[in-house]
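K.L.:
Residue-level listing of the chains:
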Amino acid sequence: MAWEYIIQGFSEALGLITEPYIIEIALRSIKVSGIATVMAVAWSLPLSMLIGLKNFRGKWLVKTFINGLMGVPTVIWGLILYLLLVPRGPLGTLGLLYTEMGISFGQALLITPIIMSIVVNSLEAIENEIRELALTLGADEIRASFQVVIESVGGIILAIIAGFNRAIAELGIALMIGGNIYVKGGHYNTRVLTTAIQMYTVRAEISVAIALGIILMGIVLGVNLLSNLIRKWLT
Amino acid sequence: MKRMTFIFVVFLIMSVAIGCIGTPKVENTTTETPRVLTISTTTSLYDTGILEEVVAPAFKEKYTIELRFIPKGTGGAIMDAKNGASDAILVHALSREQAFMEEGYGVNRKVFAYNFFVIVGPKSDPAGIKGLGVTEALKKLVEYGRMHPNQLIWISRDDGSGTNTKEIALWKAAGFSFEELKNEKWFGTTGSGMGNTLLYTSERKAYTLSDIGTYLKYQKEGKIDLDVLVDKGEELINVYAIIIINPEKIGDKDFEGAMLLAEWLTSEEGQKAIAEYGKEEFGRSLFYPAVPVLEQKEGEVFKWLLKYGFMKDGGVYTECPTKFRYNAAYDFFEFPATMVEG
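From first to last, the protein sequence lines stand for chains A and B. Take the first sequence: its letter number 18 is residue 18 in UniProt numbering, and every next letter is one higher. Take the second sequence: its letter number 259 is residue 259 in UniProt numbering, and every next letter is one higher.
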């Protein structure tokens with residue numbers, strides 16, 4: 001039967017989901033991508049405000065560039081970062097290759113254009129009406145800008161969630177910069193959900209791969225659900 | 001109302017962020033960060049699980065040094081090492097190892113294990129190579145492949161690994177050029193590790209060259225359906241060595257720690273661990289310890305180890321020529337050439 005091994009894999013997977021080893025990998029994934037998201041937000045928000053709230057020459061070009069960056073495949077990020085981060089490379093002194101922080105850094109770069117693009121768009125969508133309203137009501141420029149940011153908070157949250165989802169689901173950077181290291185009880189492990197799924201599929205340990213896949217899908221869908229709830233609540 | 005929303009959302013983001021960063025590690029009991037060695041390794045060694053399951057835990061217990069293994073083909077392992085990513089490499093491709101050392105990157109090479117490559121294929125063995133010598137078998141495969149150009153007959157890793165290096169040498173010895181064969185229709189490549197390649201070969205009912213360790217593990221676990229068809233011949237010996245990164249060439253590497261690993265792998269304890277690995281699960285060892293054979297200085301395997309795993313340096317076969325030795329605290333095996341050739 002063609003479906004037999006899939007069904008068997010699933011039923012075995014359900015028993016594996018609560019294994020400490022599986023949970024450890026899932027938690028590491030959340031942690032690594034969470035840090036990536038925090039990093040990306042930290043530099044994306046100010047930059048986005050600069051772009052979204054100010055008018056300057058070449059603004060269109062900057063936005064096009066950011067949008068273009070969204071299309072860079074994750075393996076290309078992985079390759080570029082590998083070349084930069086190897087100890088003898090230009091950024092080698094950071095010691096990021098084959099570390100959790102290295103993956104976070106790479107993922108942060110990956111999701112920066114996504115976050116910026118969504119934030120800039122939502123700032124611009126709100127800017128015109130709110131700013132003018134605020135200005136006519138007697139607010140000064142800074143106060144008006146602040147009001148715009150507050151009003152676009154929904155867009156900012158969506159951007160953060162989209163960024164996190166993209167980060168936790170990517171494989172190229174996690175594999176090439178992280179190296180899928182796992183030693184039992186180790187301090188320097190870098191195995192995350194995506195690299196583990198890839199490895200277990202190669203090793204033909206399908207039920208473990210499925211268990212990890214279910215968790216990954218759970219996280220991604222859960223976060224999406226959250227984002228939809230927030231969106232609904234805001235409107 | 002809007003203000004409340006804002007506060008709620010900020011609170012939400014903060015709690016998620018804190019939750020992410022503050023996630024406790026599950027199996028970690030020690031609080032201090034241990035010393036770490038980065039070891040680039042061939043996939044054939046890694047895929048069997050011996051490094052994660054046996055070497056790393058034993059080594060950590062003894063020296064409190066954690067080993068992190070980066071599995072790539074021998075080529076990739078060497079590249080990582082040249083780029084300064086690793087403290088030592090575990091490899092099995094003599095010619096590449098020699099080049100690596102000649103370029104000044106590696107020192108203090110120690111041979112620690114061996115096993116054999118095998119040609120595996122479908123039980124039905126359509127090309128009829130079972131029991132043949134390697135050269136004959138390969139010739140027959142080419143003949144059969146050219147007769148069935150629309151069928152995938154041979155799968156090559158083609159990933160610059162040690163196994164791939166061996167395969168290229170075997171094709172050459174049989175009178176074929178790997179680069180030319182690659183363009184023929186019946187000849188497939190995966191560009192990936194041993195495990196992946198075995199799965200694909202099994203799926204396509206084709207033939208491939210495998211190291212015995214990975215093959216046994218996958219066969220035993222029922223992941224592949226392939227038979228060992230050719231396993232005789234000295235040229236199939238597969239010799240694993242560790243090479244330490246030359247601290248003079250690449251700074252910041254843990255030379256001392258890497259030396260400890262080389263020492264441990266060739267110590268009685270390490271050799272025993274290698275010999276034992278897989279016995280319970282597979283009914284036979286996946287790797288054989290090399291040191292006892294070298295100490296006994298006799299037998300076929302001893303000669304093969306020297307011929308295919310040692311470097312010729314003047315009148316001797318040595319695991320590490322004198323010029324590539326650096327502050328070595330241990331001895332190197334070295335035998336007069338007459339013992340092999342005479």
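Worth flagging that the hints you see were computed from the coordinates, not collected in a lab. Be a bit skeptical, because a hint or two may be false.
Calculated lysine-lysine pairs in the PhoX-like style (CA-CA distance at most 20 Å, straight line) [said to hold, decoys possible]:
1. A:K184 with B:K60
2. B:K185 with B:K130
3. B:K185 with B:K140
4. A:K184 with B:K62
5. B:K62 with B:K130
6. B:K172 with B:K182
K.L.:
Tell me, in ascending order, the numbers of any earlier hints that this structure violates.
P.N.:
Result: hints 2 and 5 break, sorted rising.
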